[in-house]
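S.K.: Following the hints, position chain W against chain D.
Chains D and W supply the protein sequences, listed in that same order.
In this text, residue positions in the first sequence follow this note's numbering: the first is -2, and each later residue adds one.
In this text, residue positions in the second sequence follow this note's numbering: the first is 69, and each later residue adds one.
Just so you know, the hints here were simulated from the structure itself, not pulled from any lab data.
There's no promise every hint is true.
[Claimed, not checked] Capping the alpha-carbon separation at 16 Å, the derived lysine to aspartate or glutamate pairs in EDC-like fashion look like this: (1) K206(W) / E249(D); (2) K413(W) / E87(D); (3) K284(W) / E272(W); (4) K206(W) / E266(D); (5) K413(W) / E386(W); (6) K209(D) / D114(D); (7) K206(W) / D314(W); (8) K209(W) / D314(W); (9) K184(D) / E30(D); (10) K209(W) / E266(D); (11) K222(W) / D314(W); (12) K253(D) / E266(D).
[Said to hold, decoys possible] Where chain D lies over chain W, by a calculated footprint (3+ residues, C-beta under 8 Å): (13) 197 to 208; (14) 380 to 388.
Glycine included, every Cβ here is placed at the ideal spot set by N, Cα and C.
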Amino acid sequence: MDTFFQLLLSGIAQGCVYGLVAIGFVLIYKATEMVNFAQGDIMMLGAFITITLINHLDWNYFLAVVTAIGAMGLFGLALERVLLRRMIGESPFAVLMVTIGLGFVLRSVAGMIWGHDSQSILTPYTDLPPLRFGEVVFPVADVVVVGATVVLCGLTFLFFRYTRFGVAMQATSQNQLAASYVGISVKRVVGVSWALAAAFAAIAGILLLPLKSAYPHVGLVLGIKAFAAAIVGGFGSLPGAMIGGLAIGLVEIFTKYWIDDIVQFSVSETSVYILLLLMLIVRPSGIFTSMQRKKV
Amino acid sequence: MRFVLKTDYHRDSDLFRDRVQFSWYAALFIFVLCLPIVSGTYVESQLTTVFMWSIAGAGLMILVGYTGLISLGHAAFLSVGAYTHAIMLDLGVPFFVSIPLAMVLCSALGVVVSIAALRMTGIYLAIATLAFAMIVEKIVKNWSAVTGGNAGFKVAPPELFGWELNSTAYYYFCLLVLTLVMLCVSNLLRAPTGRAFIAVRDSEISAQAMGINLLKTKALAFAISAALTGLAGTLLAYQWHYLFPDSFSMLTSIQLLMLVIIGGLGSMSGVVFGAIFITLLPDGIATVREWLPDSIGNLPGLEPLTFGLLLILVLIFEPLGINGRWQKMRLFFSQFPLYRNKTLKRQKSFLRTERVH
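The shape of chain D in the complex, shown without the other chains (with noise of 0.2 Å):
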């Protein structure tokens, strides 16, 4: 039973970094119906600028964070600008081979800058003695991730519901053309989201680090997962892709214990996909429907 609460929680902990890398996923998608592939890549960008400055330029780790999620948001801001607003009106698949062009880049150029080796940071946490629940020992690590995200989730929810540009952007992802006519900037709208996106990444890369080491090519499966969150919890939800990610998670790491020792085959690996298919052959809409296909 101790093992099950401990495997929770670290399943939980893994879940909430896939459930921020599908936010960005379902901000960018609902903003402009585009789909981000190289949102991993964006992750693992921002877990290296977090590290070069608290590494080798000696930061505050608070300090160090907020200016890595800053420098992220402006530079999710400068893609939407340089590269994806030429690409809108073009198909679906056009895009998402950009965004797939874009992670190569993104994984060569973070490999020439810091290297191939796995890094990682000291943070204010790190140190600290694990919490102890009678039998259960959970990390500080595990529990910083979940409250993050908690709060982080709450942020978001406020965001769209009461603030005057949150009401916008929903407004925008229900219908550009509606939305420009009563006077919103959609272009705004469309490079703010992809700032955001890029914002969640960078925080759900940050909060990946003490548990995972950075390396240039930790993005690539990581936001396939992501996407699988995305998808589970159906594409264009918010809190789905939350959930989904909390399933994913759990689901890893559940199969990784129970189901690997007792079949001697690494299952775990692919049990995230096998997740993925099952959930598109018995639902493609995803737990959360927030769209149907288009009829005459």
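M.R.: Below, chain W alone, put in the same frame as chain D:
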């Protein structure tokens, strides 16, 4: 400028537009046929690689370029084809039996994936195929009793009635297969089935209205595509001598997609252009490395960087790839003083939504 006088409706769907075009293709064929006599082994092996990538590209082109379905997991079919072939050769099955069997297995897999995936469109399909490819990759890696796992699997050399084929013979063998594939695919595309593919690509709704069974057409496209990619896999197995699970990763799938895009979506000659490009690019980068100063030239990761940048630039500036550029150049010369820059200008459309709220 040449005008073709058509006196019969069937001329519209002829394999060659006129005799001039036919003679160009015939000349090209004879050239490729005679090339091994004069060229060295390097050109020969490079061309063999081009032929194999062309076959795989032809498979993917049917799916992406003509049916409008996206697959991010075609390396899986390549891998299934290669491994099935190699394993059957190991069991003593002759290659002219094992290649068709590998193709049948691939197309059966393709149908299974497509039936699962075809209720979805666009991006969902891409992700489903990606997930499928990931699963296949992991199975190949972990099922070491059959595939050899990470240690690799040795492929028996190509043999015909006790003769071992040398590289020149293998070149001709690949050329023969490629020619057959190209002929079959071109014929398929001008037949009702191929027309149905193109109709599905251009508008699913109007295709349905014209009486095309969407599910069947898409599943068929998937099956043919998977079979051709599997065929390319069997040929690659011979070329590589050893099979490793990592040779068929997601990057291979994306490389195949790049081949199709850079070559030019929606044209069979684009496949060959793309294959030549993909084969020559590593050599080209190696040459450029020597010119660059050591600090830049020796950086690892120059190759994926070039791949990514090229992909982005092609998609932004020339979405029809090398073939599109070639067509424009031809038009320019055939209309020489009268060519207008905007003749082939792309019409930009607004966001085309697939959602209903």
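S.K.: State for each hint whether it applies.
M.R.: A quick look at each hint next to the structure:
Distance restraint check for K206(W) and E249(D): the Cα-Cα separation of roughly 15 Å lies within the 16 Å cut-off, and the hinted pair is therefore satisfied. The suggested pairing of K413(W) with E87(D) holds, with an alpha-carbon distance near 14 Å, which does not exceed 16 Å. Proximity of K284(W) to E272(W) is assessed by CA-CA distance (about 13 Å); at most 16 Å being required, the pair is judged to hold. Taking the CA atoms of K206(W) and E266(D), the gap is near 7 Å; set against the 16 Å cutoff, the hint holds.
Of the pairs offered as hints, the one joining K413(W) and E386(W) holds, with about 11 Å between alpha carbons and a cut-off of 16 Å not exceeded. With a CA separation close to 13 Å, the supplied pair K209(D) and D114(D) stays within the 16 Å bound. Using a Cα cut-off of 16 Å, the hinted pair K206(W) and D314(W) holds, with the two alpha carbons roughly 10 Å apart. The suggested pairing of K209(W) with D314(W) holds, with an alpha-carbon distance near 8 Å, which does not exceed 16 Å.
For a cut-off of 16 Å, the pair hint linking K184(D) to E30(D) stands: about 14 Å separates their Cα positions. Annotation: proposed proximity of K209(W) to E266(D) holds, straight-line Cα distance about 11 Å (limit 16 Å). Proximity of K222(W) to D314(W) is assessed by CA-CA distance (about 15 Å); at most 16 Å being required, the pair is judged to hold. Using a Cα cut-off of 16 Å, the hinted pair K253(D) and E266(D) holds, with the two alpha carbons roughly 8 Å apart.
Counting residues of the region 197 to 208 of chain W whose CB lies closer than 8 Å to any CB of chain D gives 7, so the stated coverage by that chain holds, three being the minimum. A count of 4 residues in the region 380 to 388 of chain W with a Cβ less than 8 Å from any Cβ of chain D is obtained; the coverage claim is therefore met, three being the minimum.
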